[in-house]
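Chemist: Numbering (this note's numbering), first residue to last: 733 to 1072.
Worth flagging that the hints you see were computed from the coordinates, not collected in a lab. Be aware that one or more of the hints could be misleading.
Stated by the list, open to error - Derived pair list, reagent style EDC-like, types lysine to aspartate or glutamate, alpha-carbon separation capped at 20 Å:
#1 Lys-976 with Asp-1014
#2 Lys-859 with Glu-923
#3 Lys-912 with Glu-880
#4 Lys-876 with Asp-1005
#5 Lys-772 with Glu-833
#6 Lys-909 with Glu-800
#7 Lys-1002 with Asp-960
#8 Lys-984 with Glu-1061
#9 Lys-772 with Asp-762
#10 Lys-976 with Glu-1018
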Amino acid sequence: MKQILKALLAPCIAIASAMLLAACSPSTLDFRNAEIVNGKLYRSGSDKPFSGHVTNVPERTVLAGHQEYYPYQSAVSNVLNALGITANYFGVQSLCDVDAEEGVLDGRVVCRMGAGRFLAYEMGFDKGVLDGPIKTYYPNKEDKLLAEATYDDGVLDGTMKVYGLATGRQVLQSTWKKGKPEGKEEIVDDESGKLFSRVFYTKGVVQGEIVRYVRGTDRLAYRAKVVDGMKDGLEEKFDPFSGKLEERREWKMGKPHGDLVRAKLDADNKPTDELALVARYDNGVEVPLKAAAAPAAATNVQGCVDTRVVAFRIQQGDDEVITADQLGEWEAECREGKKP
């Protein structure tokens, strides 16, 4: 009798179990049957914010209004532009699977492009703000990672990395702390691996020496000294082909202060080793030039400072910061005629 009862009850139990599981399982909604009202997601026609899994959400809808995403987007774009990498990853739209709680994003987000064949984004949200790892992939590539970083409650916090398109080499490493860049940021060339630029941050403000090289070479293209985000000390620009100095000027807390000299050009319009004094400033105000022949002196000072910089790099290495105070001290000694 018991066996007969079990046999009769089995289909009923199976049906009840299926209904119970369905009731307990999270709801799934295609975004084509959803609507956004006041920033919250609803099933079309419902007055209750949706909780559950949503498919086919356009990437632009996922990221719309999320100001915390823009520092990441901007940093990645700046690196790609600096290295001449054309990725157009902002111009290719993808479709995302997301999780929502009471109408706001909450949980993992995975976005794909190319009819779902290629990854575009992976990210996470906590109560509507970006939180946890974020990864971006090159458009329509076989899951080729472009960039990655970490959010903590809506702000970047931790290491940010960008990878090159040609080789997959890591071309950027920077550190963010509570939404601001902190410490050393270096960009290297994708193909050669040579240093392209280096800058230092303290609480999001540039501090110390900025250097840029001609991409793929060891030729210095630009260097400047910065204090509290303002130029302070020497700023120099170099010819990308010959490496010769093109322009050198001095700054004091964001204002031109001292001499502006430029290289004289030869018959082919290329810079020579001879410098011409172009202007002189005192705390941002241009002052009349004296009749004294200053270009030769400027050339001598420049060469003297360059010699000291090279010697410092040999002894201390490229990663050691040359402070504005140190450069100012060297320049003063060079003007006094002291030898390195």
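Chemist: Hints first: check each against the structure and report whether it holds.
Modeler: Hints versus structure:
Restraint check for Lys-976 and Asp-1014: not satisfied, since their Cα atoms lie roughly 27 Å apart, outside the 20 Å limit. Restraint check for Lys-859 and Glu-923: the C-alpha separation of about 41 Å exceeds 20 Å, so the hint is violated. For the suggested pair Lys-912 and Glu-880, the alpha carbons sit about 16 Å apart, so the restraint of at most 20 Å is met. The straight-line distance between the Cα atoms of Lys-876 and Asp-1005 is roughly 46 Å, outside the 20 Å bound, and the hint therefore fails.
Proposed proximity of Lys-772 and Glu-833 is supported: the alpha carbons are some 10 Å apart, at most 20 Å. Taken as a hint, the Lys-909 and Glu-800 pair is honoured in the structure, with Cα atoms around 14 Å apart against an allowance of 20 Å. With a C-alpha separation of about 35 Å, the suggested pairing of Lys-1002 with Asp-960 is violated against the 20 Å cut-off. At roughly 14 Å between alpha-carbon atoms, Lys-984 and Glu-1061 fall within 20 Å of each other, so this suggested pair holds.
As the CA atoms of Lys-772 and Asp-762 are separated by approximately 15 Å, the hinted pair is consistent with the 20 Å bound. For a cut-off of 20 Å, the pair hint linking Lys-976 to Glu-1018 is broken: about 26 Å separates their Cα positions.
The structure does not agree with the numbered hints 1, 2, 4, 7 and 10 stated previously, though it agrees with the rest.
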